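Modelling step: build the complete structure from the supplied sequences, incorporating the hints.
Chains A and B supply the protein sequences, listed in that same order.
Numbering-wise (our numbering), the first sequence opens with residue -8 and increments by one.
Numbering-wise (our numbering), the second sequence opens with residue 80 and increments by one.
Worth flagging that the hints you see were computed from the coordinates, not collected in a lab.
Capping the alpha-carbon separation at 20 Å, the derived lysine to any residue pairs in SDA-like fashion look like this:
1) B/Lys633 <-> B/Leu644
2) A/Lys103 <-> B/Arg524
3) A/Lys103 <-> B/Leu556
4) B/Lys406 <-> B/Thr420
5) A/Lys66 <-> B/Phe552
6) A/Lys121 <-> B/Ala525
7) A/Lys66 <-> B/Leu556
8) A/Lys59 <-> A/Thr21
9) A/Lys103 <-> B/Asp527
10) A/Lys72 <-> B/Phe552
11) A/Lys66 <-> B/Arg553
12) A/Lys121 <-> A/Leu106
13) A/Lys118 <-> B/Arg524
14) A/Lys103 <-> A/Ala122
15) A/Lys103 <-> B/Ala525
16) A/Lys118 <-> B/Ala525
17) A/Lys72 <-> A/Thr57
18) A/Lys66 <-> B/Pro435
19) A/Lys118 <-> B/Asp527
Bear in mind the structure is a predicted one, so any value in this text is a computation, not a measurement.
Now for the letters of each chain:
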Amino acid sequence: MTTMTTPVLQASGVTMRFGGLTAVRSVDFTVNTGEIVGLIGPNGAGKTTFFNCLTGLYVPTEGTVTYKGTVLPPKPHLVTKAGIARTFQNIRLFANMTVLENVLVGRHTRTKEGLWSALLRGPGFRKAEKASEERAMELLDFVGLAAKRDHLARNLPYGEQRKLEIARALASEPGLLLLDEPTAGMNPQETRATEELVFAIRDKGIAVLVIEHDMRFIFNLCDRVAVLVQGEKLVEGTSDVVQADERVVAAYLGEPFEGDPGTAETADVAAAETGAAPQSSTTSTKGEAQ
Amino acid sequence: MTDTTKTPTPENTAPATTAPRGPLPLPTAAARALLLAGGLATLASTFLAWTWTSEFPGDLTVYGYPGGLQWLTFTAGLLTTLFTLASYQVRGLRWLLPAGNNTPLLLTAVGAFGVTWFTILAIAIELGGLVNLEPGGWIAAVASLLPLLGALALPPATATSGTGSTGGTKETIKAYVAKPEHIPAAQPLNGWAQRLIITAVTALGLAVFTYGIDTEYGELFIGYLIVVVFAVWALHTAGLLDRFSRLVAANRGFTLAMGFAAAIAFPFTQTDDHYANIGVNILIFGTVALGLNIVVGLAGLLDLGYVAFLGVGAYTAALVSGSEFSKFSGVQFPFWAAALTGMAASLVFGVLIGAPTLRLRGDYLAIVTLGFGEIFRIAVNNMDGQSGPDVTNGPNGIPSIPDLKLFGFNFGNPHDLGGFTLGRFANYYLLMVLIMAIVVLVYTRAADSRIGRSWIAIREDETAATAMGINGFRVKLIAFALGASLAGLAGTVSAHVTYSVVPTPYQFAGSTPPNSAFLLAAVVLGGMGTVAGPLLGAALLYLLPEKLDFLQDKSLLAFGIALILLMRFRPEGIIANRRRQLEFHETGQLDIPDTPTLTGEPAVTTKAGA
Ligand SMILES: Nc1ncnc2c1ncn2[C@@H]1O[C@H](COP(=O)(O)OP(=O)(O)OP(=O)(O)O)[C@@H](O)[C@H]1O
Ligand SMILES: [Mg+2]
Chain A
-8 MTTMTTPVLQ ASGVTMRFGG LTAVRSVDFT VNTGEIVGLI GPNGAGKTTF FNCLTGLYVP
52 TEGTVTYKGT VLPPKPHLVT KAGIARTFQN IRLFANMTVL ENVLVGRHTR TKEGLWSALL
112 RGPGFRKAEK ASEERAMELL DFVGLAAKRD HLARNLPYGE QRKLEIARAL ASEPGLLLLD
172 EPTAGMNPQE TRATEELVFA IRDKGIAVLV IEHDMRFIFN LCDRVAVLVQ GEKLVEGTSD
232 VVQADERVVA AYLGEPFEGD PGTAETADVA AAETGAAPQS STTSTKGEAQ
Chain B
80 MTDTTKTPTP ENTAPATTAP RGPLPLPTAA ARALLLAGGL ATLASTFLAW TWTSEFPGDL
140 TVYGYPGGLQ WLTFTAGLLT TLFTLASYQV RGLRWLLPAG NNTPLLLTAV GAFGVTWFTI
200 LAIAIELGGL VNLEPGGWIA AVASLLPLLG ALALPPATAT SGTGSTGGTK ETIKAYVAKP
260 EHIPAAQPLN GWAQRLIITA VTALGLAVFT YGIDTEYGEL FIGYLIVVVF AVWALHTAGL
320 LDRFSRLVAA NRGFTLAMGF AAAIAFPFTQ TDDHYANIGV NILIFGTVAL GLNIVVGLAG
380 LLDLGYVAFL GVGAYTAALV SGSEFSKFSG VQFPFWAAAL TGMAASLVFG VLIGAPTLRL
440 RGDYLAIVTL GFGEIFRIAV NNMDGQSGPD VTNGPNGIPS IPDLKLFGFN FGNPHDLGGF
500 TLGRFANYYL LMVLIMAIVV LVYTRAADSR IGRSWIAIRE DETAATAMGI NGFRVKLIAF
560 ALGASLAGLA GTVSAHVTYS VVPTPYQFAG STPPNSAFLL AAVVLGGMGT VAGPLLGAAL
620 LYLLPEKLDF LQDKSLLAFG IALILLMRFR PEGIIANRRR QLEFHETGQL DIPDTPTLTG
680 EPAVTTKAGA
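Next up, the structure:
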């Protein structure tokens, strides 16, 4: 077990409200170097929303996100530049670009050739393009898609699209990779392969934070697992601790338990809906406009 | 398309055993013979008189040689005959039908039939009745019908897909006009032969294009369009265009050089400066369309006010041209300085308009750019010293812009060059070829680079693109500003070509180019995201209203209908970008997906953004 404790990612008090709905409620969260951390929770628990807060797609209502000690501005391209890369729950590849081009776009933050150098095509430009392509091919090799470099992304089978999304994210040379349900829709063999891939990514020195509903996958993979229920972090710990916790089971089965955040939530929602209805439109469009 | 490869079941072997046939009940041999005989008869009929009076333009009254529209019938008949001979496996012509399909026969036959019957009907209608036809006209009408009947008696495609003909009428029609999936590869040619072919095709292209520009009356232009459309379609279905584009891909630099050589050669083929005028206007229009293609085709930003940037360039050039009606009549910049000023002014304008609007997505951007485009026109209309500051002379514009002088070379005077006389418009034409070359270079280099990829990524899925580290606003602004400055550059030349600048051409939609709607139509019609597409689209959209002046204000209606039809049957435009072709047609791609692929969001983003 890796026991290094330098934090890569530190989220403190992250809250995301959509009008009356609090999707994420003051979550404190840390990912250390060399760790694979799992984030689980029932549907609608706010896992994806939490990811969007980390990556700047949503501006958190409250709280800050720190990457290697510096506070991240809530702008997706700056977050990626700082070193956090992600994949999406519903695959968002550049469908009509080739596999190679998708990965090259991922290199955007690590290259800097602008319009002028593209127009003048000096030796520096050629060298940078060649280096980018080599790096992209290495990554395609790493995920096993090198042979498909010239295929359009939209024509890949589902499992390979997920792999390509990972390769594209890795192209930005991140220190932390966020994976949102990387095995959704995969068969057991593909899931196994993805497990190997995530371990290999960690071995490259990249910390991984992964959302997943497949418990076997999560408990095989993760050094630490956090459970999010109705926007609140319920339990956090090693696989054994989380598996043994009855509140987690209850949360998944939808049974009531002591200290139920559901009651508080309901009251909260009712209060907010009567009081702050107009707020909803401004907040929910904000993420889209970034 | 996959059912042809399945093991045959009793039902679909039945039609295969009886030889596949077309809708007309004729034996194949007879059908071929009909095609050949009809083709030859069509050729022969063009040497006869079709009408008795030379009132019909082109003088079709002479025996002994073709004239006017008869030349077009002759060309179409010749193509029909050649394709028929190729289907007879005549030595030396077999390369015309590499896939051995019958579709090209049908299409050329339709072309010959169409142009001939169009001519006959035009004679009858314009001169008042069928009595105006000479026997030659009747012969031509019958002769051109024969190949069509023959072609309809042939099976739609090669024998292998005979099973497909059992479907409904729609499938039958589709099978008739479709390109076979597999075109046998050509024998490898050595470099010289390849270049020779490219040279020959470029020369032919120049000849065809020149003929189109030089058509003197509307009937001839319509006939020309009929023949060109069906001939190109036939060559496409025969697989010859695919083969040629493979040659082009292998000799990219050479083809580009030949293309520019052909563009430069154009004014030398003209005796009348009027056609060079058409040429230079097409080039200006095409250059601006290519600039718009960066904004729309690459970055996916729907700009409905793009023509305003052409206007900014033109007005800037006019103001510093030394015209006595200019506000700054004392100032006369040399051309390079005027061009840079025009570009810079457009760039500033582009940034000013882009900075607030590019934060919007899709439809909002379209509406705001539409508004800004109109604001420009209304503003220059009012900056006349009464309703606003005195800058642009209002609706009167800035007239008598002097001709350009470059290195002591006055563009206004005719010049003799190796026995050819280049008139005023020919001079400007050559300058525009140079500018277009620059724009083509900018387009291709920008598209194939880090910035070009980020434009395409933004177009495909803006959220994912920003999550990949692309500063969406910044790269969109660069695309917008680059497009604007290229249009401004074209504008500086256009001010000098037209002697004067007035506000009217810079509107959203009008019946003559350039206007924003036409520019966008040129890009979409020609093929978004390609270099040749917008140029071809611009040529077509310029020539159509110019040649078919009887359409007048109905031309907008005609374009509307044409665009709807095009979007229905060929959404990727006339010249397809490989990417977009794969996007719209699932066949003919490298790998056909066996599992459901990307759904929903990215595709929707593309549609909304494009
Ligand atoms: N932009 C938004 N505007 C309003 N509500 C939102 C928005 N995004 C998410 N929500 C709400 O926030 C809650 C959490 O959603 P989220 O997608 O984060 O859940 P999740 O844990 O990722 O669920 P799943 O496991 O199904 O992916 C949901 O109730 C959802 O409807
Ligand atoms: Mg989710």
